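Visitor: Chains as they are written, first to last, in the numbering used here: chain A, 2 to 396; chain B, 1486 to 1614.
Treat the hints with care, as some may be off.
To be verified - Not everything, but these chain B residues come out facing chain A in the computed CB check (under 10 angstroms):
hint : residue
1    : C1566
2    : P1577
3    : G1591
4    : I1601
5    : L1613
Claimed, not checked - Facing chain A, a subset of chain B residues (Cβ under 7 angstroms, in silico):
hint : residue
6    : S1574
7    : L1584
8    : C1587
9    : N1597
FYI, nobody ran anything at the bench for these hints, they're computed from the structure. Values in this document were obtained by computation on a predicted structure and should not be read as measured data. Glycine included, C-beta positions come from ideal geometry on N, C-alpha and C.
Chain by chain, the residues run as shown.
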Amino acid sequence: MQRWQRSTYAWIASLALGLAWSSGAVAQPDVPCASLPNPIYGIGGSAPNPLIGTFAAALAASDDPITVIYQSPGACFLVRAVADDTPLTGTASYWTTEGQARTCTLPLDGVRAEWGSMGNTAALCDGFDGNPPGLQDVPGPVTTWTMIVPTASSQTSISSEAIYMVYGFGDESGTAPWTDESQIFTRNPTSAAGLAIAIAAGLPPSRLAVIGTDVMTNGNMVTRLSTSTSPEAAIGFVSGETADARRDAVRVLAYQHRGQSCGYTPDSSVSAFDKINVREGRYWLWAFHRFFYRGSAPGTFESPRVQRFIRLITGEASEPDVPSIQLIADNGNVPLCAMEVTRTGDYTPLVPYTPPAPCGCYFDFATTGESTCATCSESTPCASGTCRLGFCEAR
Amino acid sequence: MTMTSNTASITRSRLWLRAVFALSFVLAACGDDDAFGPPDGGGRRDSGVDSGEVLPDGGDLDGTVPDGGDAGPDVDAGPDCTGEDGCYSCEPTDEGQLLNACNELGCVPFDNRARITRLNPDGSLPPLP
């Protein structure tokens, strides 16, 4: 075969493979996870995946790269893996410098989980009343949970009590238009989203396995709702990040909690991403993405790489290559420094909060393109307050 | 859609709210927070509103504020903390006050009594089957 023929065939083969690959028709070959630069191995829920991917891409591209490897079988798998000393096996996700998720193969004899993430504390995991020995955790960015309907629905709000009726009684909810169980979509009661909705409604989480259709993932929830043939009757719930990314397909309902006289969406309008009602305490359905790490005591990390990753993703630290607050905002989450309320446990009552180093002005600008705060720099200091991330914050 | 207000019904709802908030506070103090059970379906009344059938733009409506909000569990806050439409107008210090704090953003009420037909006569929610 002539050289030009070989090169032509090779080019055609490459093109075909590339096309097939891009269409998802051919699975990407796995690479050994251990062959990637400076891997850190984690496990947990699927809800934090977008946030983890955002930071994983930035860290992979940083001057001192880390490869974030994550397996997301479910919220409470981390505490079980640590408690039982079960190694991670099979395959896991990692992210390219461009933020594309890829799959790598874990060592045959497994690898020890070094960190993890989920939207709740270990106390909400069946069989645990707290972290197992040697595991610590810290709250990270805030995520919201949202009740959603197809954009073709006319519904705009729901209450805690209505959720109780819809997911507690299905066809017999007596809460029009959500009276057709075939149009009630749900999640596994061990999912972070499922736990949140159950607690908000005052339902035992196990009830979510009784009423409605389990769609398994956030993405499936959007698909099932947006393709419903009975959109007025259709209802479900997803993470706020998921809903924000698919506002073309689903509408977030205003949520009215027990004891609240009006319902609010997380943002100030359907076109906004400011999470103002979350930050100021009018939207109840939120939780921290919690990050877990191995260590003998809080703040003591077994792995310096894990420490660096967790300090960045929680917004406690920032690097030129990994601007944490900006990345958190871009991902649709709220950093703790932009919150004016907090909670001390899983869905415990909201309490006012004053962040020690506030970033609300910057967060407003990052999410809306404007801020009422004065701008500042090294050459133009603030007349009052403290210059943080280019804006004059109150402290 | 525009939310309407009715002074008499709001006054009634405030009294009702205060009673329920006080009851809620007592229950919370008794450590019932973590127990699963029917939420208090009669915990408030969205009197004077139009059952929440409003623009799809949930948060960008007409600048309305909560219709029957109250001081939350802090029932001793006094009338000075009650805003024009019953919202909580002082600096919030607990969840009830935060959730019902006066603000200039739009909200969309869900009228439990009008929308949930299976409420018990006293407005509470039925137990699960």
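Visitor: Return the numbers of the hints above that this structure violates; sort them in rising order.
Guide: Checked against the structure, the hints that fail are numbers 1, 6 and 8, while the rest are satisfied.
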